[in-house]
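Quick mapping for you: the protein sequence lines, in order, are chains A and B.
Each residue of the first sequence is one higher than the one before, counting from 800 in our numbering.
Each residue of the second sequence is one higher than the one before, counting from 8 in our numbering.
Honestly, the hints are just simulated from the structure, not real lab data.
Even glycine gets a Cβ: it sits at the ideal position worked out from N, Cα and C.
All the given hints hold, so there is nothing to weed out.
Estimated spans, in silico, between C-beta atoms of each pair:
hint, chain 1, residue 1, chain 2, residue 2, range
1, B, D240, A, E1012, 23 to 33 angstroms
2, B, D190, A, P1086, 31 to 41 angstroms
3, A, K1092, B, N238, 15 to 25 angstroms
4, A, G1025, B, S189, 30 to 40 angstroms
5, B, T27, A, P1107, 42 to 52 angstroms
6, A, P1107, B, E187, 28 to 38 angstroms
7, B, N215, A, V983, 30 to 40 angstroms
8, B, K234, A, G810, 37 to 47 angstroms
9, A, P1107, B, G155, 55 to 65 angstroms
10, B, T27, A, E1115, 50 to 60 angstroms
The lines below spell out each chain.
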Amino acid sequence: MSVLVYTESEGGTFKKIAFEAVSYAKGIADMLGTSVTAVSINGNNTDQLGKYGASKILQVSNPLLQSFNASAYADTIAQAAKSEASTVVIISSSANSKYLAPLLAVNMEAGFVPNVTELPTSTSPFTISSTVFSNKAFATTEITTETKLIGLAKNAFGVLENDTSLTTEEFTPSLSESDFNTKVSSLEKANDKVTIADADIVVSAGRGIKGPENWGMIEELAEVLGAATACSKPVSDLGWRPHSEHVGQTGKPVSSNLYIAIGISGAIQHLAGVNSSKVKVVINNDPEAPFFKAADYGIVGDAFEFVPQLIEKLKEFKSNNA
Amino acid sequence: MKILVCISHVPDTTSKINFTEGDSKFDTNGVQFVINPNDEFGLTRAMWFKEKQGATVHVVNVGGPETEPTLRKALAIGADEAIRVNTPATDGFYVAKQLATIVNEGEYDLIIGGRESIDYNGGMVPGMIAKLTGANFVNMCINIEVEGTDVTAAREIDGGIEIINTSLPVVIAGQKGIVEESDLRIPNMRGIMQARSKPLKVKEPIDNQIETKIIGFTKPDSKGAVKLVDNVDELINLLHNEAKVI
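Just chain A, with the same shape it has in the complex (with noise of 0.2 angstroms):
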């Protein structure tokens, strides 16, 4: 009857979305007026879910799944459902989670809603908004299966606290030879950069920056701020900077707190990817730029004055707020 949360981890350590969907799993079930029980999939410190409103946690410890497998893990947490009688499922919306959500939709029979930004409008009929057309609009859908499965999207409802006491219990899914008749066989990965994903900031940089060798301001200011780098197509494009730092409709979506574009003029395809940032702030030396219509902040002026600037401003920001 609980309602049940995939809580996310890498390498033993939650992420900052699994927090979150604890957080909005608890609001689901106090409408309900039920509670939460959380899946971890070889996750450590589980302790730490209780504090956003996990009862339970159904540890699944299994060296199998110790790298990511979108077909064991979702066949994992449809069990945990079965096994927990949950009819409300929820998970985040990850490139992982992404990958599972669909397999998980069609073993537990559920209708499934993704990109939800907040608690649903009623549980009975079971309604709920989330964002379509890349931000532009939100649709408000009515599941109509017994289970229902949502998809949270980044950084919308937030972490909350809500210190509740846990108890813990092995959970041992069967598994079937077949869920891993896709295997991966490498993985490239940097693990000294934030990435684009799990950063509250980004730092995105456009054509106005004029070329590659203008890179380093960008990586600059981006490690004062703790951020992650992206970039317009226009750049990827020209091959200054890796396609996996494209942010827009084709490239990268980004969802985090503070968005800072440089020399971006703001395609409506730019915009697309970004509009779910919640604070966007523009340097750019056209004031016709269309994106500073899509700002909450902006200078008008020339990147090469203002981002050194703001580096050095920010530095004695930082000391004086350490």
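Chain A is fixed; fit chain B onto it per the hints.
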């Protein structure tokens, strides 16, 4: 190898997003529809398999007759045959069940969809087809090679790339990277002429209940005007004290 490319018929990115019938339906008035960009990357990769490995390429769409120009465009780009499942694409699960039926009937080896459609952003149809048909699945696919029945694919993950080994039949959800933007093809006159005589089969939907239904749309509150500042001290002050993001 038999390839099925699933095409979503979506409003062009620059479309005005408005709703009609008491904010319950998307207003298609004056809207230009295109092949969903993520699907077009996949279709282009399918053309590569056709030309280099002799694959047969079919395209499919779930939608009413108004979506046929989008399928004709895919034929003009080089697909051999098109299928339209004659029902509105109401929800992702419903669409996936229609497509799973087409996949089972056509015994396709490689099924290509897109990471997500740019209208409803669901990102669920390809994975659901895989689970419904028992095929393997690679999401956010940025490269795929097929040799015999062995498949090597690359998946974009948060902060990196993963190389995946699997086998046919496989469903992939493609995106930019599976081909580059510069590889995309604009149909030429010959392709457009040929497309007119290629088969476009219309199939009726299988009877199936829906899992979700959209009951209304709203637009976000219009945001306030940008605050322009002329010095970085003021910017830092606003970000710290007003926006509270640093």
